[in-house]
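Enquirer: Based on the sequences and whatever the hints tell you, model everything.
Next come the chains, spelled out residue by residue.
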Amino acid sequence: MVPLWMFLAVAAGVFCIGAYGVLSRRNAVAILMGVELMLNAVNINLIAFWRYVEPLNMAGQAFAAFVFVIAAAEAAVGLAIIISVYRSRRSVIVEDVDMLKW
Amino acid sequence: MFELNAQSIAFILFALFSLGGALGVVTTRNLIHATLYLILSLFGAAGFFVLLSAPFMAAVQVLVYIGAIAILIVFAVMLTRSMTRLSDIYNSQWLLSAIVAGLLFVLLLVGVILPVWGVNGTQAGREVSSIVTTTVDLGKALVDQNQYVLPFEVASLLLTAAMIGAIVVARDDKE
Amino acid sequence: MNDVCSINNLTQCLLDGGVSPDLANLLTILGGVVLVATVPLVTVIFLIWIERKIAARVQDRLGPNRVGPFGLLQSVADAVKMLTKEDITPMGADKFIYNLAPIIAFATVVLIWAIIPFTPLHIGADLSIGILYFVAVASIGTVKIMIAGWSSNNKYALLGAFRTIAQLLSYEVPLVLSLLIPVMIAGTLGMQDMVRAQGSMWFVFMAPVAAVMFFIANLAETGRAPFDLLEAESEIIAGYNIEYSGFKWGMFMAGEFMHAFTAALLAAVIFLGGWWGPFVEQVPALGFVYLGLKTAVVYIFGLILRSTVPRVRIDQLMALNWKWLVPISVANVLITALLLKVVDAIGLAPQSGDFFAHLPQTLVLLVGNLVLMFGVATVLRNRGRAQRLADEAAHPVEHEDAPVVVGAVGH
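Chains as they are written, first to last, in the working numbering: chain A, 123 to 224; chain B, 2 to 176; chain C, 29 to 439.
Source of the hints: derived by calculation from the structure; they are not laboratory data.
Where is the CB? At the ideal position from N, CA and C, for every residue including glycine.
There may be inaccurate statements among the hints.
[As the list claims (entries may be wrong)] Restraint ranges, calculated between C-beta atoms of paired labels, are given here:
1) C:F275 to B:I13: 30 to 38 Å
2) A:L222 to B:P152: 49 to 57 Å
3) B:I13 to C:V395: 50 to 58 Å
4) B:N6 to C:G274: 39 to 47 Å
5) B:I114 to C:E309: 29 to 37 Å
6) B:G112 to C:F74: 39 to 47 Å
7) C:R416 to B:D173: 32 to 40 Å
8) B:S9 to C:F124: 23 to 31 Å
9) B:L158 to C:F74: 44 to 52 Å
10) B:T29 to C:L333: 40 to 48 Å
11) C:N53 to B:I114: 28 to 36 Å
12) B:T161 to C:V395: 26 to 34 Å
Expert: Shown next, in the form of structure tokens:
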């Protein structure tokens, strides 16, 4: 079988690419896509550890299932907020949403 | 350590999908293309779940992420098209965030490959057991009163609240 | 060994020939994949012919009867015509995803054929999560519509794509909910196990409401009548495949026909007992015949429905789904789960594989389904009556006076 550290390395790579996307993009939907990448990487990590360390304990898969649920809920609410902001400000560039800046 | 059998080839293929898709998401200007790259990366992750003997997770990944969340993102992209296509895609601190992400990656790699966590680290030569729980066990664990029924119910409440909240926030109340 | 190298012992033949085990396994799997994927492609040619014939007969005309005997080669002629048409790509279209959409349209349908059990011995891949795999592949289908509508660079295609996706996503909910019932009764998600669980009693007798819900949801998922608002030729917005011409449009159409046939095939496997029939245990090849007959019954019923029922409007479609199908499916799941547990607690659960052992559970579930349908019918009747009375109060019907008879005699 493929050794565990390879799965973890790929998941770390996806996580860091997602983090770079969140930190450096200007479009709000692109930031949300970066967040989805990070959650996906976390899921890969969880299932890899479940399989290699303790495959008889259901905690790994249950945890990953709940991460799915939370990612779906967060994507729905986040996109609703983005659409609402677009409707009032006509822009989804996050730097343009700066009314609270002093 | 690394023999070239069918599993390794499948792993390399799915790793290419995941990493290539992720790179495409953060570097494309066209957001529809970025969504398609995201779908590619999610397929790679679903492939990983199949390799890791978790077929239920793979099917749920395709069903929830690709069949629902990616479509939602495509709709949001289409509904929020900006008029100016010539704006930058990166903000002013992209170099700093690239350095931070790179450092984080190096740190994670060190933690994963080298035995920094002691004897029970990820390099420990334990035998990978071939006795794996099945989907039936996952189903039982999610409704067992000693296991995960409470988070399960709370998660369903969370989903309902998120759905109602999303509809209320995104609704066009000019009427 | 000097056995004949057929498909059954291909792996052994390759191993004897000195091929490494991994490669032998891979080649056998590839051979199986090619076989399973070729059958739908060949079936599509026949499906187009039978659709046109049945639609024609319902409309009291003959249908294609010039090309070949009984018009059987009509599909071949159509394919040749489509291949020789000019392949136009609209200006400003996104070339890569414009060409990717028909491929995904075809691929997501052929992927479903991997989990269908044709006989007790022949199945593409006996996954433990067969039904979940089917739902997952069905939900990828929305991606292709989105990219087809978007990449055509045509706002009517985009609008058509939006409506199609709204329809598909909405009708996935009763599809999944009605699939939960056979999963609960059989106790497994795998397809081969589910067919084996129907050895004594088909699931359509235990869960008729779920079978009807599955059928209606599949009609909407595959875009067949009466839910074909979005691809109908007489509508102004011809749907997301306006800008496709020639063979790419042909692939969309072939994918749609194949999807309808695959949905009928799944209904036959899940609800009508799959490959079960007389003598199928001794002669497994008979499984093909029985499955084909059951699929043909469901598919032809769908075709006759297509030519008979008028088309549904988009708001009626959404109202039908969210106000009727989803509550009925949820109530069905609740009632079936409760009744199954009650039957188990009483001790009437079928222990043996006998027909009469399954009878008590079947009768209990049937009664539950009938109660549900009676409730739905009552609600429908009350609503219909209230609507009719409201209509009559708003627009009173003129009652003419009785005609005056002019007496001819005794004037």
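Enquirer: It remains to establish, for every hint, whether it holds in the given structure.
Expert: How the hints compare with the structure:
1. C:F275 to B:I13: 30 to 38 Å: Holds, at about 34 Å.
2. A:L222 to B:P152: 49 to 57 Å: violated, 35 Å
3. B:I13 to C:V395: 50 to 58 Å: holds, 56 Å
4. B:N6 to C:G274: 39 to 47 Å: holds, 43 Å
5. B:I114 to C:E309: 29 to 37 Å: violated, 55 Å
6. B:G112 to C:F74: 39 to 47 Å: violated, 59 Å
7. C:R416 to B:D173: 32 to 40 Å: Cβ of C:R416 to Cβ of B:D173: about 35 Å, so the range 32 to 40 Å holds.
8. B:S9 to C:F124: 23 to 31 Å: holds, 30 Å
9. B:L158 to C:F74: 44 to 52 Å: holds, 50 Å
10. B:T29 to C:L333: 40 to 48 Å: Hint holds: Cβ distance 45 Å, inside 40 to 48 Å.
11. C:N53 to B:I114: 28 to 36 Å: The hinted range 28 to 36 Å holds for C:N53 and B:I114, with Cβ atoms some 31 Å apart.
12. B:T161 to C:V395: 26 to 34 Å: holds, 32 Å
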